[in-house]
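S.K.: Take a look at the letters that make up each chain.
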Amino acid sequence: MKLTKRLLVFAMVAIMAFGAFACKAAEPATTAPAVSGDSAAAPAAEEPKAIEKVVYAYATFNNIPTEETLTTVEEAINAITRDKIGVEVELKPIVIWDYSSTVSLALQGGEQIDVFQSLGDLSTAISTDMCLDITDIIDTCAPESKALIGENWLAACTSGGRLYGLPTFKPIALTQMVVYRQDIADELGIDMSKVNSVSDVTAVLEQVKAAYPDMTPVAAVNQGNLGLSPQNVDYLTDSMYAPKGVLMGDELTVVDYFASPEFANICNLARDWYTKGLVMKDAATTSSTAAELMASGNYFCYIASYSYPEADTAASLEAQCGGFDLGAKTIGSAFLDTSSINALTWMVSSTSEAPEAALKFLNLTFTDPDVTNLIIYGLKDRDYVLSDDGFMSYPEGQDATTVPYTSQLSCGTLGNFFIMYPMAGTNVESLAWELEQNQSAKTSVAMGFTFDNSAVKTEYTAVTNVIEQYLYGLVCGSVDPTTEIPVFLERLADAGMGTIIAEKQAQLDAWAAGK
Amino acid sequence: MTKKKKKQQRASSAPLLLIAAPGILYLLINNYVPMFGVFLAFKDFNYRKGIFGSDWNGLDNFRFLFKTHDAWVMTRNTLLYNLAFIIIGTVAAIFVAVLMYELGQRSRVKFFQSIMLLPNLLSWVVIGFIVYAFLNADTGFINNTVLKALHIEPISWYSTTKPWPFILIVTYLWKYVGVNSIIYMASISGIDKGIFEAAQLDGATKMQQIFRITLPMLKPTIIILTLMAIGRIFYSDFGLFYQVPQQSGRLFEVTQTIDTYVYHGLMELKDIGMSAAAALYQSVVGFLLVLGANALVRKVDRENALF
Chain A
1 MKLTKRLLVF AMVAIMAFGA FACKAAEPAT TAPAVSGDSA AAPAAEEPKA IEKVVYAYAT
61 FNNIPTEETL TTVEEAINAI TRDKIGVEVE LKPIVIWDYS STVSLALQGG EQIDVFQSLG
121 DLSTAISTDM CLDITDIIDT CAPESKALIG ENWLAACTSG GRLYGLPTFK PIALTQMVVY
181 RQDIADELGI DMSKVNSVSD VTAVLEQVKA AYPDMTPVAA VNQGNLGLSP QNVDYLTDSM
241 YAPKGVLMGD ELTVVDYFAS PEFANICNLA RDWYTKGLVM KDAATTSSTA AELMASGNYF
301 CYIASYSYPE ADTAASLEAQ CGGFDLGAKT IGSAFLDTSS INALTWMVSS TSEAPEAALK
361 FLNLTFTDPD VTNLIIYGLK DRDYVLSDDG FMSYPEGQDA TTVPYTSQLS CGTLGNFFIM
421 YPMAGTNVES LAWELEQNQS AKTSVAMGFT FDNSAVKTEY TAVTNVIEQY LYGLVCGSVD
481 PTTEIPVFLE RLADAGMGTI IAEKQAQLDA WAAGK
Chain B
1001 MTKKKKKQQR ASSAPLLLIA APGILYLLIN NYVPMFGVFL AFKDFNYRKG IFGSDWNGLD
1061 NFRFLFKTHD AWVMTRNTLL YNLAFIIIGT VAAIFVAVLM YELGQRSRVK FFQSIMLLPN
1121 LLSWVVIGFI VYAFLNADTG FINNTVLKAL HIEPISWYST TKPWPFILIV TYLWKYVGVN
1181 SIIYMASISG IDKGIFEAAQ LDGATKMQQI FRITLPMLKP TIIILTLMAI GRIFYSDFGL
1241 FYQVPQQSGR LFEVTQTIDT YVYHGLMELK DIGMSAAAAL YQSVVGFLLV LGANALVRKV
1301 DRENALF
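In the order they appear, the protein sequences are chains A and B.
Our numbering applies: residue 1 is where the first sequence begins, and numbers increase by one.
Our numbering applies: residue 1001 is where the second sequence begins, and numbers increase by one.
No lab work stands behind these hints: they were computed from the structure.
Please note: incorrect hints may appear among the correct ones.
Said to hold, decoys possible - SDA-like cross-link-like pairs, simulated, lysine to any residue; straight-line CA separation at most 25 Å:
| id | chain 1 | residue 1 | chain 2 | residue 2 |
| --- | --- | --- | --- | --- |
| 1 | B | K1148 | A | K515 |
| 2 | A | K515 | A | M420 |
| 3 | B | K1049 | A | T102 |
| 4 | B | K1162 | B | G1203 |
| 5 | B | K1067 | A | D214 |
| 6 | B | K1049 | A | A106 |
| 7 | A | K380 | A | E67 |
| 8 | A | K170 | A | L119 |
| 9 | A | K276 | B | H1069 |
| 10 | B | K1219 | B | I1127 |
| 11 | A | K457 | B | H1069 |
What you are looking at is a predicted structure, and each value in this text was computed from that prediction instead of being measured.
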C-alpha cells in the first residue's frame, strides 16, 4: 500500500515536471498524421469528371469572415471553377500575424492545405520539403500563368533548377519615401521637393521640432524599424529585419551587413535624431504601427517603402492615418533582388493529395479576373459595388470593417494585382507606372539566386538571436553605435556569422558558375 | 486478516479513484500521449515524410542550444529568477497569509483578499501594457511624474538592463502573491486553535506564536509547494518574460529565459526539431532537479519527503 502511494506521488511529480514539455510538443503530435508523400503524386487526373476539392490558405489583414459568409463566396467561386477546371475550393483566410505558424502547424498535423503562400520564407519552405516541386506539372496545369509571369521572375522561385512556386504578380519595385503631414509642411513653408535623400530629411525634422516642441517629428514604421534601410542591397534570401551576408554594389562578393559603413551611417543618423529628440524614444519596443502613430496627430512623418506613385501612396494612406492631409516624397530608388520577387510566392503543399487540381486553381487566381475579384472583394453588390467605369467601392454606408467579406488589404499578396478592380479614388494611369517600375528598376547582380540555409541552420538560429538583441536598439538610435557596434560584431562572430558568409559565398559562386 | 483489510481499503478507495478518473484521463491524453513528440528532438523534420518518417539527425538539434553564450545567459536567468520567485514569493505569500489570519474579522479578510487576488485575473499582455504605461520613455508615469518631481533625468527604461531584475520580481509578486497566500491561509486555518490558546495562557507574544507555532506547522506545506516549484524551475513564466519587457532586444541579457529564447529562434526559423530539443532539455533537467531536491529533503527530514 505504502509503495503504491509512493509510486503515485512519484508519478504525479513526474507529470508536473513533464507537463509543460508535453503541452508544447502536443500540437504537432496529437494529430499525428499518416502523411504520405507518395500518394500525393498519385494521378488524380485519370477521372476528369470527378470534382476535386482544394484548400486555399491565404493571409488576410482584414477581419476573418464568418463560416456562412465564406461558404457563399466559395459557392460563387466553385460555380466558375467546377466547369472550368473540375475543382472546388475551400477558402481558408488566416490573420497575417499567425499565417506562417498556422500553416506550418497545419501541415505538420496533416490538415488539408493545398495552396499556401510564403511571407519571405520561401527558402525554408523548400528546404523542409513543405512545398511541391511543380516543374513537371506547370506546363499542363498553369501554362497561362507561366507565360504571364515570365521566366525571369519564375527563376526567383527555383532551387537547384526546379520550380517550387509562382511569385505574386504585382508592383514589386519598392521605393523609399517619406510620408509627411502636408498641412504642417505648408504651414511652415517647407519645400519637400528639395528633399531627395535621407540626410536631407534631418533639416526638415529640426524645423518641425523648433515650431512644435511637443511634437515628435519621426514615427517608427513598426517595432524596431525607422525605415532607414540602405539603398541597393541584395539581402540574398534573408529577411530585411535580420540581414546576414548581403551584396552591396555590383560585385558578387558577400559582405557582412553589420560591418559595412552603410550600416554604421544609418545607426549614426538614427542616434543623431534620437539625441536631438527628432524621433520617438520607444521606437525599438513600440507595438504601434506608423499609421496608428500618425493618426494620434503627434507625429510629423515616417519613412517607408511603397510600390505606388507618390500621390497615390499619400492618398491611400490618409484614411488610416487619422484623416490628416498627407504628402509623400521619394527619397530613394527602387531596387529588385530575388527576394523582392519571391517574398510572396504561391506554392502547392507537398502533402496535397490533388497537386494538379491545386495548381490549376492557383492558375486561375493569376489569370481569371472573376475568381481573383471574388477572393479579394467577395460578392458583388453585397460586399462591394462596381461603378460603370470599373472602379470598386464599398456599398453605401459600409466600409472594410462592416461588409461581410473582404480581403481588400491583401490586394498586394494575392495572385495577380493587375486584374483586380481598382479601388475608387486610385488612378488608372498608376498601373502603367507601376508596371514600368517593375521593368525599369535597378536589378541585383544576383537576381535569381536563392540561399539554402540548411547547412548552417544552427548558426542561423544563433545569429538571428544575436541580431534581435542588438539591431532594433541600433537602428532606432536608443543605443550609442560607437560602443555598441563593436560588441555586436563580436557577438555575431561568436555565433557563427563567418560560417554563414562563407557558405553563402560558396553557394553564390556555384550559382554564378552554373549560369 | 490482512487480506480482508486490503479488500476493505480497496472498496473504500474505489469512489475516490472514480472521482480522480477524469483528471487522470486528462493527464494521460494531454501530457502522456503527446510525449511521442519527443522523437522530433532527434529528427530533421521534413513535411512530406512526417514525424516518424523524417530522417534521424542525432544530437544536431541540441547543438544550437549550446552554440553561443546565450545558452549560459538563458539558463542562468531561468534558474536565478525562479530561485528568487521561490524564495521571495514563498516568504511574501506566508507573510500575507499570516497578516490575513491575524486580521480576524471575516469582512476585512474578504476585502483584502479580493483586492490581492485581482491582479491574478489579468493576463500578462494587459500587465505588460500597465508596466509600459509606467515605464514608457516619452509619456510614462515614472519619467514624466515621479522622476520629474524628484528632478532626476528621465531614464530610457526599455534599454537599461540594471533595473529589470527588480521590475520583473515586483511585477511577479504583484500578480501572484494573493493567490499563493491562499494555500498558506488554508493551512493556518487548519491549525488547532487550542494550541494558540494554550500558548497565550503561557504568556507567548504574538511574534512567538507566529515563529513557534504557525511557521513550524506550515513546514509540510512549504516543503511540498517548494518541491513542486523546483520541478518547474527550468520553466519560466513565458508571459512575464515575453510581454512585460516588450521584447526589447537590449534587455535580453537579463530577461531572456529558455522559453523566450526558443520562441524567438523558432518564430524566425520555424524549426520544430530544435524546439522539441530545447523542451526535452528543460524537462530532463527539471526532472533531475525534483529528484535532487527530494533526496535532499529526505536526508534532512525524512517525514516530509515527497517519496
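S.K.: Straight-line Cα separation of B:K1067 and A:D214 no greater than 25 Å?
M.R.: 47 Å, violated
S.K.: Between B:K1049 and A:T102, does the CA-CA distance stay at or below 25 Å?
M.R.: 19 Å, holds
S.K.: Need the status of pair A:K276, B:H1069: alpha-carbon distance at most 25 Å?
M.R.: 35 Å, violated
S.K.: Given the hint that B:K1148 pairs with A:K515, test it: the Cα-Cα distance must not exceed 25 Å.
M.R.: 64 Å, violated
S.K.: Between the alpha carbons of A:K170 and A:L119, is the straight-line distance 25 Å or under?
M.R.: 15 Å, holds
S.K.: Take a quick look at whether A:K457 and B:H1069 sit within 25 Å of each other, Cα to Cα.
M.R.: Cα-Cα ~17 Å, so holds.
S.K.: Is the hinted pair B:K1049 and A:A106 satisfied, with a Cα-Cα distance of at most 25 Å?
M.R.: Holds: B:K1049 and A:A106 sit about 15 Å apart, inside 25 Å.
S.K.: Take the C-alpha atoms of A:K515 and A:M420, compute the straight-line distance between them, and say whether it is at most 25 Å.
M.R.: With a Cα-Cα distance of about 36 Å, the restraint between A:K515 and A:M420 is violated, given a limit of 25 Å.
S.K.: Between A:K380 and A:E67, is the straight-line Cα distance small enough, at 25 Å or below?
M.R.: Status holds; Cα separation ~18 Å.
S.K.: Against the 25 Å threshold, does the CA-CA distance of B:K1219 and B:I1127 hold or violate the hint?
M.R.: The given pair, whose Cα atoms are some 33 Å apart, is violated under the 25 Å limit.
S.K.: Would you mind confirming whether the straight-line C-alpha gap from B:K1162 to B:G1203 stays at or under 25 Å?
M.R.: 48 Å, violated
Checked against the numbered hints given earlier, this structure breaks hints 1, 2, 4, 5, 9 and 10; the rest are met.
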